[in-house]
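K.L.:
The chain contents come next:
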Amino acid sequence: MVDVMHGVPESRPADESDDVELYHPHSWITKYVFSQDAKIIAIQYSTVALAIGLVALVLSWLMRLQLGFPGVFSFIDPDRYYQFITMHGMIMVVYLLTALFLGGFGNYLIPLMLGARDMVFPYVNMLSFWIYFLAVLVLLTGFFLPGGPTGAGWTLYPPQAILANTPGQQWGIVVMLVSLILFIIGFTMGGLNYVVTVLQGRAKGMTLMRMPLTIWGIFTATVMALLAFPALFVGAVMMLLDRLIGTSFFMPAIVAMGERLAHKGGSPILFQHLFWFFGHPEVYIVALPAFGIVSDLISTHARKNIFGYRMMVWALVAIGALSFVVWAHHMYVSGMHPAFGFFFATTTLIIAIPTAIKVYNWVLTLWQGDIHFTVPMLFALGFIVTFLNGGLTGLFLGNVVVDVPLSDTMFVVAHFHMVMGVAPILVIFGAIYHWYPKVTGRMLDDRLGKLHFWVTFLGAYLIFFPMHYIGLMGVPRRYHEIGAMSFVPPSAATLNEFITVVALIVGAAQLAFVFNLIWSLKQGRPAGGNPWRATTLEWQTPQTPPAHGNWGKTLPVVYRWAYDYSVPGAAEDFLPQNQPPDPRTA
Amino acid sequence: MGIAVVLALVVIGSVVFHFLSPWWWTPIASNWRYIDDTIIITFWITGVVFAAVVLFMAYCVFRFRHREGNRAAYEPENKRLEWWLAIGTGVGVAAMLAPGLVVWHRFVTVPTDATVVEVIGQQWQWAYRLPGADGRLGAADVAQITAENPLGVDPKDPHGQDDIVIQGDNLHLQLGKPVKMLLRAIDVVHDFYVPEFRAKMDMIPGSVTYYWFTPTRDGTFDVLCAELCGTGHTFMRGNVVVEPESQYQAWLQQQKTFAQLQGPTRTQAKN
Ligand code: HEM
Ligand SMILES: [Cu+2]
Ligand SMILES: [Cu+2]
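Residue numbers (our numbering), protein chains in the order written: chain A, 1 to 586; chain B, 1 to 271.
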């Protein structure tokens, strides 16, 4: 234990440690636009991700309007509905969550929390953002090209994704695939950077087992993303070839609408394997950074060390590794060989164990804490509830035979929104309230923050909890309306209206959040350097917001783990990681 | 403080909703009661865990809220507790997985006396083919598809001539007789789904997939498509009628065979 928490690093004065030579911007353009400073890049990533996320939010209102009041909004015809769900799903998962957690939080926090001056490869880091930005623009062109964006579902299953009866078959699917390819290229540049920085750029004394869990989460997720995205990359390239030059990677012989197509010999199910080999890890790519960040939020705002730090680290790593052997649980009813069901159900349910350990440890961190109900803490508590709920319904869907009636129903939609939609988003909000003071030097407004929390948390629960039961009745997902189904009671329409109304209210609350972000930039209460009295290094910078190079003349030296809260005998209830051991007690 | 109450209300509200709301699965009409049973087991285990964890959280939040002069405890680890929790979770997981795998084994083991029904999905309609008097389906392939032969039955395969072809009409099934649904698609992926049967499986162009069940309740049930298949996905509906043997046989007598359906076109061609 001792090695994790305390102890002097092989003593070397800080100013003798190997310092990297920093790149220095010379003009406004290189300082704020084509910047190589990870902090600026982080803000750029976050702004673009949040902006595109607002588009996805508006799309969800339109979808909900159609589902709650079918027939009233006649411009939402089936084609548009499918385009909306596709763009909504893909934007939320890839362009918002992945980009924000890794490109946004990763860039901001990795150098600062590890005591580095910047990322190891700042130039590549800059390219990473601009390619991501290009990917977003290419994605958005879909809305303006003839035929509109693709409506193939975010899973893009061929053959329908590239055939005429799916909206966006002309250009939408092409720009979607090109955009994904660009995103992956951009991400790979950033991702290699994050990994190398974590491995090579840490300050003296910052051993791996002293890193804050935020960094462990982002690091593990990045490694996973580097391994998982290539599967999507090849899938996208092959589908693009099928669509543009008529190859048959995923296209068997087909007669569509009475017409025999030129394709022959391809395998639609091969695409599903490639997609989910990426897609399942992707779920954890957005979950693990959330796990890490929420651990630090809970610990800081409960003034207590995270419970079971080592178990938490191993659970992260175990989840990351296991998540590569469970992908076919998305394909239980795909018609793959039935024997796979035994294997994938077993691996899937095994993941529940390290995941449950994480939940226990968050809750046990609250036990005997000194809990401050700050806005970040509220969001963290909300996360535990929604993540637990969504994780538990995962045990239904992972248990192969239970998935047979439930798969492709609204139960699945409810499940994944809880676990990978609402839960990570709540962490993102908590994290923004937590780190905004460091990024801008000002606090976000507390009362607006609490309002934002209550409406978002309770609203999201009211949207998605009852939705499970619509799916349990048997209503499939990706349906433009329930229509006449003999087994669905008329009262289900009332429930759907209710869900829609709540969704609109939750959406409106997000506007309050955006307002808060902008308003507090100038009007917020000055934060000081360490408003939460936190231990981790980013709160110990000489300036707030941290200046270029982060640390002034000398790099920090780390003497303890990230969780020295309420240490018995210490004067304060927190000991920063760079505070040397007290000569009297050490 | 308020949050502790809200957390408790979330648990109570969820449990009340679960038991009192009118939205629940439709009564089953197949032998897959085991699936429903496994879902019930899973509801109980996960429900108890959800309630226990959130209520414990509510208690912590209430009991350990910040007050002037409070200080948190310092307890980095508790190996024993962590291992016990992990083992307990393992047991709970096994209690769900074991029955799940047993039932999955049954689900994928087709009884030898099952009759065969072929379902063909195409945008956006269902068609069916039943083996005729010889009890065997003839070969079929998209390469054989023509306007007159939309299912692509191989006209040279003698087993195919007596196959019963149902297009634009409901499928009928015999009550109490196990059936193996052979699933085929000729354009994109579809999924033959009847909520009352608790079973579904994608149908993939280029291959044949299957599942089996025994209809246990007579009536008319909705057929839905459960895999996004383009603009008309929502409206790809049909019905399946489950009826006792005598009625089923009467229906069967009225259906046309592949040869009968091809007949008129051939005679026309000769004229
Ligand atoms: C209040 C917020 C949200 C609302 C009201 C909402 C609503 C919806 C609706 C109505 C659908 C279509 C369901 C269907 O017909 O199958 C959908 C699909 C989806 N949503 Fe959300 N959503 C929200 C937030 C999110 C978030 C944060 C994520 C991030 C993971 C997300 C990811 C997805 C995905 C992946 C799909 C599936 C798209 C597809 O079927 O291809 N959503 N959402
Ligand atoms: Cu998965
Ligand atoms: Cu369909």
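Keep in mind that the hints are not guaranteed to be accurate.
[Claimed, not checked] Non-contacting residues of chain A with respect to chain B, defined by C-beta distances greater than 12 Å in every case (computed):
#, residue
1, LEU50
2, PHE75
3, VAL237
4, ILE306
5, GLY341
6, ILE371
7, ALA512
8, GLY528
9, THR554
10, PRO568
11, PRO581
[To be verified] Derived DMTMM-like pairs: lysine to aspartate or glutamate, alpha-carbon spacing no greater than 25 Å straight-line:
#, chain 1, residue 1, chain 2, residue 2
12, B, LYS256, B, ASP141
13, B, LYS156, A, GLU259
14, A, LYS522, A, ASP446
15, B, LYS256, B, ASP154
16, A, LYS450, A, ASP370
17, B, LYS180, B, GLU75
18, B, LYS256, B, ASP218
19, B, LYS256, B, GLU243
20, B, LYS180, B, GLU243
21, A, LYS264, B, GLU148
22, B, LYS177, B, ASP218
23, A, LYS264, B, ASP141
24, B, LYS156, B, GLU245
25, B, LYS180, B, ASP141
26, B, LYS79, A, ASP582
27, A, LYS264, B, GLU245
28, B, LYS177, B, GLU148
29, A, LYS450, B, GLU68
30, A, LYS264, B, ASP169
31, B, LYS177, B, GLU68
[As the list claims (entries may be wrong)] Covered stretches of chain A, as calculated for chain B (at least 3 residues, CB under 8 Å):
#, stretch
32, 24 to 31
33, 138 to 145
34, 209 to 221
35, 353 to 360
These aren't lab readings, by the way, just hints derived from the structure by calculation. Everything numeric in this text was worked out from a predicted model, so none of it was measured. Beta carbons are placed, not taken as given, at the ideal position from N, Cα and C, and that holds for glycine.
K.L.:
Of the numbered hints stated earlier in the document, which are not met by this structure?
P.N.:
4, 5, 6, 10, 17, 24, 26, 27, 28, 30, 31, 32, 33, 34
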